[in-house]
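Engineer: Residue-level listing of the chains:
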Amino acid sequence: MKLKTIAIMLTLIGLTLHGQAAEKKPVLTLMTHDSFAVGKEVLAQFERQQGVTLKIIKSGDAGAVLNQAILSKANPLADVFYGVDNTFMSRALKAGIFMAYASPQLKRIPDDLKLDPGNRLLPVSYGDVCLNYDRKWFVDKGIEPPQDLDDLLKPAYKSLTVVQNPAISSPGMAFLLATVGRYGQSGYLNFWQQLRANDAYIANGWTDAYYGQFTRAKGGTRPIVVSYASSPSAEVFYSETKLDDAPTVAILAPQTAFRQIEFVGILKGTRQQELAAKLVDFMLDYSFQQDIPLHMWVFPANPTVPLPDVFIKYTRQADNPVMLTPEAIEAGREKWLEEWTETVLR
Amino acid sequence: MKQRSRYFLIIPPLIFMGLFYFYPLASIFSLSFAPQDNTPFKGVEKLFSSTYYVRVLWFTTWQAALSTLLTLVLALPVAFVFARYTFRGKDLLLSLTTIPFVLPTVVTAAAFSALLGRGGLVNTVLMQLFGLEQPVFRLEHTVWFFLMAHVFYNFTVVLRLVGGFWARLPGQVHDAARMLGATGRVVFLRVTLPLLAPAIMAASLLVFVFCFTSFGVVLILGGPRLATVEVEIFRQAVHLFNLPVAAALSLVQILFTFGLMVAYTRLERRTSVALLPEATPKRTALTLGPKDRLVINTCVCGMAVLLGAPLLALFIRSILTETGVGLTYYLALFENRAQSILYVAPAVAILNSIGFALAATLIALILGGLSSAFLAGAKARPAVLLDPILMLPLSTSAVTLGFGFVVALDEPPLNLRSSWVLPAIAHALVALPFVIRSVLPAWRSIPQSLREAAVMLGASPWRVWFAVDWPILRRALMVGAVFAFAISMGEFGATVFVARPQTPTLPLAIYRYLSHPGSLNYGQAMAMSCLLMLTTGIGFGLLEKLRPASGNF
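So the sequences go chain by chain: A and B. Quick note on the numbering used here: the first sequence kicks off at 800 and runs consecutively. Quick note on the numbering used here: the second sequence kicks off at 2 and runs consecutively.
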């Protein structure tokens, strides 16, 4: 009996380790954050075209992965890195871990997304972090839903808002940056003071906010949450029953949302520079770009790519979103976080 | 065994610790404290400029102490019942208590909110029942909420460590005390409790250190105003990339717990009494009186409320769909809606999880067994130093160690940074202290006279070991194995920060579902959590099959 159990366990170990055996094809490694996703078929297409095996390694959220890439710059973990956004861009460039590559595909991408004139980081996608509200909740209560950041401070919306802690969460940070951009360095703390007084809930991260406190979650009590412009589309796409309309609405009024742009770059020290460049081209090219919305729930950087139906119907881009330069963000990050913590938490 | 040859036992564990703990840690520390712009320790002065960090350390300490105390108060009576009585469903119940241990913090937090949150089950029922306007319990973002979660997680540590030890206390000692006229209370206070002390202390230490480095639970349930040292380290290392401060805080964390462990090790050696433990736990009569039944029922009900209710809440959420009770979420697990590369078939996630868990358990058992063998017989000085050292991985910040791996393990032959071996190693590091704390009290309780008697009767050293030590130890090893397995299944420690190729485990799949909007995603996360609980439960069942049939722990 015991022998049998041991045998079963050993077989299981063997089964899991099976398939780790190396293949002969060259291996190209892409390092990225946990939210990276793409269609199977698209990746297979790249592997076939180039005759390579693509290895994708992940290790935490955008901030954690970037720091690991910086720490390992003497001996990089991968050839290509995807997932530096404009909030971390300055840190990445200062660390000097990326090499310049002017991909021929860049010509298809609008200039306002190209934040690095040196082309070390190339824009792949962008999305808006903004307020979402629960449509049904406001209809049921007969209250007008909020339209602007200022609305959150009104008595009618007391105890209705959930935001994330910017010191821990990346949408939380983006929303803090939205308020800095909107109200300026001198005014944003005033906004947060009043938001605190209006009993906003500071959740830990996006999951805790959206699935814990937001009214769309079972047991949630707050109908306004910081999420993404694409969240209503995702609600429809991942709904249990067929929905005719999105259950949530994204607030995209001017200067209420923060635009996050995500970049790809070739890591210095790669031994397969040519292949790495091919992967960058591929990520900016049509088929990968077309695959972005339904997998990562953001917009492709190439504006000519057709969007899926669910995006066309339920997701709009923010009108005139807040944009801060990467340099301003890196310079202000620590100070803003400390001031925010001092104002909102203590 | 001679003292000198004994040192061979500790060599493999020390090499392992050296390569996968001290080397990465030293690398990240030396990088962090390296002079920047000609100033070494740049930024560290911030630590002393305000009382903030002192307050954080103080909060971390008292919440860990309080969590430990609460867990002891609640789990010790149950440990007594489990040690004393045999009743139907006991094995199953024991397995169930360990399941919380593997649940990702986000999921545990979701379960607690579903139950006791503002709009949770209890409040909704109470409000409807009594026609109240406001929720009765407002636990969100209070200390009590995460203290409850800490008890929920650590209950099993006390139950298994103390209960297992208790069941094997020799009956004769109690009988003798009784014969000498001691009352039940006196026997308990003067005989049982002192004999149990090593096990109680071992369990307390594990719980304390575990809560001391608590991260997710405190953050989500306790709210952003309550930051532990671990939270500060994460904030500094990941979001501000302020490595000097993060490393300094990690060092404080390590030194603080190290001091505690040194004190503990000294105390433990002093309190250990070698006595003749029963190889098989003694059994009480199978006919139970009404009083016994009452005790058992009270204990089972108490546990059901404390540990069972949150688990049940998870299960209910996994089958309660928008259109009523159904298996929608479970069926959806098998469907790759967006044809994503990220999609993991449940079977694959289960196999990956089990593979890592078995590898980690094996490593932890072998190294933990060797370490305990050394420590059990070692002279005072090396043991007092080495024992706490082997405990260190449990008290070390996951971010720091994870970043250390990235910096240190980057060249052949140790180029393991993106290898599948690294997660197993990282799990084994955290599991090692659990194995040692499970095994060592049992090993120390074996009287030398018993071995000498066997030798006198002509037994070879191997025979002595096999006939005397092994029967007592294998049960303790099993307890260690269960914890090692659970730690790996739950993806504890530095693995969040270990780069890994596509070998998604159950907890990683859960996190992924919980990172997109849509009720189907949430439902699938709940369904996947139930699969995690089920897989873990079956794993425990199989592990327990390896131990002798008569064992209860």
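These are computed hints drawn from the structure, not numbers from a lab. Glycine residues also receive a C-beta, built at the ideal position from the N, C-alpha and C atoms. Keep in mind that a hint or two might mislead.
Stated by the list, open to error - Here are the simulated lysine to aspartate or glutamate pairs, EDC-like style, with alpha carbons at most 20 Å apart:
hint : chain 1 : residue 1 : chain 2 : residue 2
1    : B       : 47        : A       : 1133
2    : A       : 1067      : B       : 470
3    : B       : 47        : A       : 1141
As the list claims (entries may be wrong) - The following residues of chain B were derived to be distant from chain A, with all beta-carbon distances above 12 Å:
hint : residue
4    : 180
5    : 271
6    : 273
7    : 337
8    : 445
9    : 465
To be verified - Cβ-Cβ distance ranges computed for the label pairs, FRET-style:
hint : chain 1 : residue 1 : chain 2 : residue 2 : range
10   : A       : 935       : B       : 78        : 44 to 50 Å
11   : A       : 1141      : B       : 132       : 39 to 45 Å
12   : A       : 1137      : B       : 19        : 27 to 33 Å
Engineer: Hints first: check each against the structure and report whether it holds.
Structural biologist: Now for the hints, and whether the structure bears them out:
1. Proximity of residue 47/B to residue 1133/A is assessed by CA-CA distance (about 13 Å); at most 20 Å being required, the pair is judged to hold.
2. A distance of roughly 56 Å separates the Cα atoms of residue 1067/A and residue 470/B; the hinted pair therefore is violated under the 20 Å criterion.
3. In summary, the hint linking residue 47/B to residue 1141/A is supported, as the alpha carbons are separated by about 16 Å, within the 20 Å threshold.
4. The Cβ of residue 180/B sits about 40 Å from the closest Cβ of chain A, beyond the 12 Å cut-off, so the non-interface label holds.
5. Interface exclusion of residue 271/B from chain A stands, the closest Cβ pair being 37 Å apart, more than 12 Å.
6. No beta-carbon of chain A comes within 12 Å of the beta-carbon of residue 273/B; the shortest separation is about 30 Å.
7. Not every CB of chain A lies more than 12 Å from the CB of residue 337/B, the least distance being 8 Å, so the non-interface label is violated.
8. With a cut of 12 Å on Cβ distances, residue 445/B stays outside the contact zone with chain A, its closest approach being about 27 Å.
9. Under the 12 Å C-beta cut-off, the non-interface status given to residue 465/B relative to chain A holds; the minimum distance is some 22 Å.
10. Under the hint 44 to 50 Å, the C-beta atoms of residue 935/A and residue 78/B, about 47 Å apart, fit the expected range.
11. For the hinted restraint 39 to 45 Å between residue 1141/A and residue 132/B, the CB-CB distance of approximately 42 Å keeps it satisfied.
12. Distance hint for residue 1137/A and residue 19/B: a CB-CB separation of about 38 Å, inconsistent with the stated range 27 to 33 Å.
Hint compliance for this structure: hints 2, 7, 12 are not met, and every other hint is.
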